[in-house]
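Asker: Using the hints, position chain B with the ligands against chain A.
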Amino acid sequence: MSTPVPVGLPRRKVDVQVNGVERSAPEGATILDVCQAAGLEVPTICWAPTITPVNACRVCVVELEGARTLVPACSRRVTEGMVISTDSERVRASRRMVLELLASSVDLSRAEADILRWLEEYGADPQRHGADRARVSEPVRRHDELYVRDYDRCVLCYKCVDACGTEAQHTFAIAVAGRGFEARISTEFDVELPESACVYCGNCIGVCPTGALIFTREFDLRRSGQFDPGAQAVTTTVCPYCGVGCNLELHTQDDQIFRVTSPADHEVTSGHLCIKGRFGFEYAGGARPGRPDTSNPETIRDADAPA
Amino acid sequence: MESRSSLDAPTPAEVRVLDAAVGLRHDTVDARVIRRGPDRRHLLLPALHALQDGVGWISPEALGELCARLEVPRAEAFGVATFYALLRTEAGPATVVHACDDIACRVHPDYRDPAAAHAAHAAGESVGVHPSPCLGQCDRAPALFVQRSGAEAARWRAVGSVADALATAGTEPASPRVLAAGPAWLTGRIGVVDPASLEDYRAHGGYGALRTALAVGPDAVLREIADSGLRGRGGAAFPTGVKWRAVAASARRERYVVCNADESEPGTFKDRVLMEGDPYALVESMTIAAAAVGATRGYVYIRGEYPEAEERVAHAIDRARHRGLLGSDVAGSGLDFDIEVRRGAGAYICGEETALFNSLEGYRGEPRSKPPFPTEAGLFGRPTVVNNVETLHNVTVILNAGAEAFRRVGTAESPGTKLFSIAGSVANPGVYEVPFGTRLDELLALAGAPGAGGAVLLGGAAGMFVSPDATDLPLTFEDSRMAGLTLGSGSVTVFDRSVDIGDIVERITSFFRDESCGQCVPCRVGTVRQHETIVRLRNGSALPDDGELLEDLAGVMGDASICGLGHTAASAVTSALRLGLIAGAPASSGNGTGR
Ligand SMILES: Cc1cc2nc3c(=O)[nH]c(=O)nc-3n(C[C@H](O)[C@H](O)[C@H](O)COP(=O)(O)O)c2cc1C
Ligand code: SF4
Ligand code: SF4
Ligand code: SF4
Ligand code: FES
Ligand code: FES
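First to last, the protein sequences are chains A and B. Counting in our numbering, the first sequence runs from 1 upward without gaps. Counting in our numbering, the second sequence runs from 1001 upward without gaps.
Source of the hints: derived by calculation from the structure; they are not laboratory data. Where hints are given, some of them may not hold.
Said to hold, decoys possible - What follows is a set of in silico ranges between Cβ atoms, one per label pair, in the way DEER data are often shown:
| # | chain 1 | residue 1 | chain 2 | residue 2 | range |
| --- | --- | --- | --- | --- | --- |
| 1 | A | Ser88 | B | Leu1179 | 45 to 53 Å |
| 2 | A | Arg92 | B | Ala1246 | 34 to 42 Å |
| 3 | B | Ser1498 | A | Val21 | 53 to 61 Å |
| 4 | B | Ser1541 | A | Val21 | 47 to 55 Å |
| 5 | B | Ser1175 | A | Glu192 | 48 to 56 Å |
| 6 | A | Asp33 | B | His1026 | 40 to 48 Å |
| 7 | B | Met1482 | A | Glu27 | 33 to 41 Å |
| 8 | A | His170 | B | Ala1013 | 30 to 38 Å |
| 9 | B | Glu1361 | A | Gln127 | 35 to 43 Å |
As the list claims (entries may be wrong) - Away from chain A, derived, C-beta distances all over 10 Å, residues of chain B:
| # | residue |
| --- | --- |
| 10 | Leu1166 |
| 11 | Pro1176 |
| 12 | Ala1196 |
| 13 | Ala1215 |
| 14 | Val1242 |
| 15 | Arg1408 |
| 16 | Gly1437 |
| 17 | Met1482 |
| 18 | Thr1486 |
| 19 | Val1499 |
| 20 | Ile1501 |
Using N, Cα and C, we set each Cβ at its ideal position, and we do this for glycine too.
So here's chain B without its partners, still in its complex pose:
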């Protein structure tokens, strides 16, 4: 191939994309010596998306020109582009089908190995098929995500075969199954309101909570959220009121509200369902958060594989702005707040809050060292409230019903309702809203899980397998912690007795191997060694000390990694070994932490 240089001229098509995405080049910038310029770096990821969508890849010439325009060093921009699974730095087919081969899809009767699916697809066409981690549509397994570039750039989600996926361009996906056993606080409007219509949202109680919030003032809102006992639904269960108060009390004036909608934990899709079905509630909740903590700007970071959610949330923001519910004088209250949607690009780690900030700022999605915590130094180094989609949806619920009523549902330590994403070997996969304290077996019955035998994975790849005789677990933060489990993102993936759990465990270990950001040694190398060891255990080539090796790996990843990805990369494996779920592997006596 002829050698191409980042200093050569981009094609006219690339120039058009860049003109639209980032504007013209500052004429004083010398492309040969690009230092880090001021302020515009956060446009890097959106611009890389624009090139990927418009041209199909990020060429050396386009990258060079983009870097000159944004004043970002070329090597750094290349480092960013190569971090993400949905961005390509080599020319390839204009259409790529990302075929999920993750834990829920691979146990579906219609599932086919992506490699086989590729082979079966008419050869010679400009279609690539890539195996993909969970696409967040496990309720519609086996899942596909199509990325088409060029003049008709589009992204859509699909099910079934690759040929079907290519044929269903733009058709509405089947509506998800949503069921509430108890108050439908979070899901009540889903499937009932028109997600595009602000009027319909208002007709169903929308924007009443913001009116209350503006009327009672920030201190009262902070008190209400704190009194409600609301805890984060993104996995760490941190008290939301404490987080908000820390930001509100900050001495720094520039503050941010960030919604973490990167939902990439295998088996989890509830945030997608909330955003697609009730997008205005998210906009309203973020506005309340901004009013409470004094933020002027908000971002919703939505994973790149959620085009409908992105479109609906962006539309809702647009409509709200149009009606004066966002902007320099929100609802005539003097509050100055606006929201922007940012699209992720295929990286599980960007759901970790500090990695998300780096990604949004135009850096590699590598987690930062904590402390300092986001409440002190978050997005752009400023105090930041970062909350999960479901956490934020609870905010309108609390302001509408009052903290006291909120606390009457659930338990003292886990008040309110919780969404569970249930998929795998169940008759009725979907999103289930239940009061905290509902037992796991009750939940499984609702979803039509098979009776005896099999296994349940609670909390996704970062979670743990539940012993078949322990499914009477009350689903609360405190009970799961006492049982040595975690609710995590609230995913419940069910495997009937025909499923080879060793295969699921192996997939989980390759997930962590693929998704490690690579920054720290325990996780970058440890996840590879863990995957290799599980492969050895399963194919009969285990080394004498492999059991001990797995415990040592669990120990160092759990103890010495930088972030939660490394900390939890061994939990599913350890729990499966302890329960003797991996055929051929000796049941271990390890305590799960390697300590």
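Chain A extracted, bound-state conformation:
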């Protein structure tokens, strides 16, 4: 999303203290904005730069002087004089537990590299919750050759729901159904995607941080043990289907496209595409991996795909 053009009075500055250091931020900024500007890492899972925060995962909590509980950095806006600690013992304890609870209930093995790193850094130990602990257990939903839904990996970050709904696609094909630990991302009555309102834009896949939503080709490569980051490349090109000019990143392995993304910071797409750009390679035989967009060969670079 492009930054709003300021009108009227310039935004006022707010002075806050973060980990003992005075910082100033524009009014309306979140604690996370301030931390990012200061180069302090605050882990986030359900937050994304292009999506209004739902503040559900709670891994971003920080300590705010005077507050009874910790507060979510991703959505709490700074106010004058806030005194914030991002790395106190209390903060670390809650973050560790959030990560540990997630890892104890779903399969995070294909989660974003950052999430895997935080699990290590915070010392999450899912095993201590016992071998008989309840876990999310769902069949893999593979209903077509475009993408697979593997909700055993889902952390319920709501990103796919929001990408499908108010934040990008306005299709509302999926929502959270059920309650509590039984809550799941679902179509109405869990009907298969072709029967639902889904238009196969793949924007949900683009935002999923855990690999729960995954291109069918990538899913098959991974399942058969052939997924090989060493043999992969990413090619940046422009979608040929219409005049909007969406940037595409074609992820290939051995000349086969297994995933298509668009950069989240791209000013046209914000990472979102439509079915043609996302899955058009299925029928566009011409989009030969390895020989893409020859006008721009230097855009071919190595993949940094997560293991």
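Answerer: Same frame as chain A, now just chain B with the ligands:
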């Protein structure tokens, strides 16, 4: 089973229900591509209720048609329907008996396990028996709630066996025990007036407070409420005057008054007794609130398991409107205000104020992030006064007696009287009205609690166990806070020494596991792990670090959850461990917050 689609035609019966509930479909709507339409989404929950009542479940076809009519995406409506315990998205028996197995009922001598009750009931009949969390009738334990659908759709509350419950359809439940030790400000009319009669209400002082309010004007009412020191009775004890003033001072004109009558805290039933026994007082109080803050619309959100309360409040609203005490010119004063009743559908979390707003608006009952607070952005994003039933009942008391007289009862920080719902192992379960400052042991004596031994849970599942040697606690907000306790919703659940407190604690942990909305990780997963750990402690399979694990869970739920459900999900457990009440578990030294 043959596959059914939301795009197929609904049955004639479903169409009839939908015609009555939401009207016809806008002919420009294409069922295949439903975006979010304007304005009518708040009819979703009432329409789902209508389908549940009329047809017995919400079928794919009926949901599809409903969504086309209201312009609500199907996946979202399914998400709403599956949020609630009283709505079903699979066909099932036409009659369902919800049998309470919660903390007060399960210690009653007549209590039977719902599974056993089901087995004992004549097989083959179209009756389902579901175990249920507290039904808000702990004074009549063991409690049942019957939900019948189809042509004779009805809901009623009952006691005893499933067979009895099915036989007592529509009979008036026994009147509740209500006792006041001190001024009967809140309970004085209960059992005295005819709850259906506006004339009788007036004959007993009703509508005098509204007359005063309209005569003195909004500023004077706000001052009186602020001066009275009235604090919220829904659990958070927030000063009512501050809340009202914030809404009155808002720059936005469209404002709401919402009465929180979702009363679902296990062990609590006082709001039910107020609504059933004195419904006009609630209508009058909400009208005064509207006059004070400048609201034009009010809602009473009543839990779905309270059919009598719903019927009586709806009747009172109807009569008041008929007499010009609601509507476009309330009592000839020019005030424009009306009230609508909305029915909850079986979700404890919908008592959390922002979850209640979402539920009413037709979304899943998931709490919102605060700030912004309801006074700034509440129902439909507008400034909203949301108050508990008992809080509102105090409003007429204050306007009738004056703030000064109100303050003369109770303590400086906790003025007035307080209702306590007392149940469990007591001779006289019921609603007790006492001045703030009455000691817990005095209250227990009034209700005929057994002497030494046993345990008392103060504030329901979200509350804490009181040490047996600390029952001399004065019941005020300030004393309970100093003792590390909370009055919460004002429930006092008593367990004699024969009760296995470990069993009660386990039930509390499964309550939170079932009732978590599932939105945030600390609570969605933490409540499950807490329940599993307590089960392990009780069945002898504890892991070496389980004590530490419980403290860590209490820490993250209390510190990092979004709402009060997660914040308090460990308090009863922690207090029971600290007091050494769980057989087999080591007494912990934790301070209760895990910090
Ligand atoms: C999980 C949860 C459940 C709640 N349930 C109720 C309820 O059933 N009734 C109620 O009045 N308040 C309930 N509350 C408190 C409300 O959020 C809110 O504070 C209250 O309605 C405000 O009214 P008051 O100021 O008059 O107390 C609940 C809070 C939480 C966190
Ligand atoms: S592919 Fe697009 S339309 Fe389909 S569920 Fe994902 S975001 Fe929604
Ligand atoms: S499927 Fe992925 S994006 Fe959607 S809620 Fe689950 S983890 Fe988040
Ligand atoms: S604390 Fe529990 S009930 Fe409250 S928002 Fe989080 S998951 Fe929902
Ligand atoms: S990133 Fe802030 S709550 Fe998830
Ligand atoms: S009705 Fe059973 S515990 Fe309240």
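Asker: Now tell me if each hint is right for this structure.
Answerer: Hint-by-hint comparison with the structure:
1. Ser88/A to Leu1179/B: 45 to 53 Å: Since serine 88/A and leucine 1179/B have Cβ atoms about 49 Å apart, the given range 45 to 53 Å holds.
2. Arg92/A to Ala1246/B: 34 to 42 Å: Given about 36 Å between the Cβ atoms, the range holds.
3. Ser1498/B to Val21/A: 53 to 61 Å: 60 Å, holds
4. Ser1541/B to Val21/A: 47 to 55 Å: With Cβ atoms ~49 Å apart, the hint holds.
5. Ser1175/B to Glu192/A: 48 to 56 Å: Holds - the Cβ-Cβ distance for serine 1175/B and glutamate 192/A, about 54 Å, lies within 48 to 56 Å.
6. Asp33/A to His1026/B: 40 to 48 Å: Given about 42 Å between the Cβ atoms, the range holds.
7. Met1482/B to Glu27/A: 33 to 41 Å: Distance hint for methionine 1482/B, glutamate 27/A holds at roughly 39 Å.
8. His170/A to Ala1013/B: 30 to 38 Å: For alanine 1013/B against histidine 170/A, whose Cβ atoms are near 33 Å apart, the range 30 to 38 Å holds.
9. Glu1361/B to Gln127/A: 35 to 43 Å: 42 Å, holds
10. Leu1166: Consistent with the label, leucine 1166/B stays out of reach of chain A, its closest Cβ about 28 Å off (over 10 Å).
11. Pro1176: Given a closest Cβ separation of 31 Å, the condition holds.
12. Ala1196: 36 Å, holds
13. Ala1215: Non-interface label on alanine 1215/B holds, nearest chain A Cβ at 41 Å vs cutoff 10 Å.
14. Val1242: 18 Å, holds
15. Arg1408: 32 Å, holds
16. Gly1437: Label holds. Min Cβ-Cβ 26 Å, cutoff 10 Å.
17. Met1482: Non-interface label on methionine 1482/B holds, nearest chain A Cβ at 16 Å vs cutoff 10 Å.
18. Thr1486: 13 Å, holds
19. Val1499: Consistent with the label, valine 1499/B stays out of reach of chain A, its closest Cβ about 27 Å off (over 10 Å).
20. Ile1501: Correct as stated: the minimum Cβ-Cβ distance to chain A is 23 Å, above 10 Å.
Checked against the numbered hints given earlier, this structure breaks none of them.
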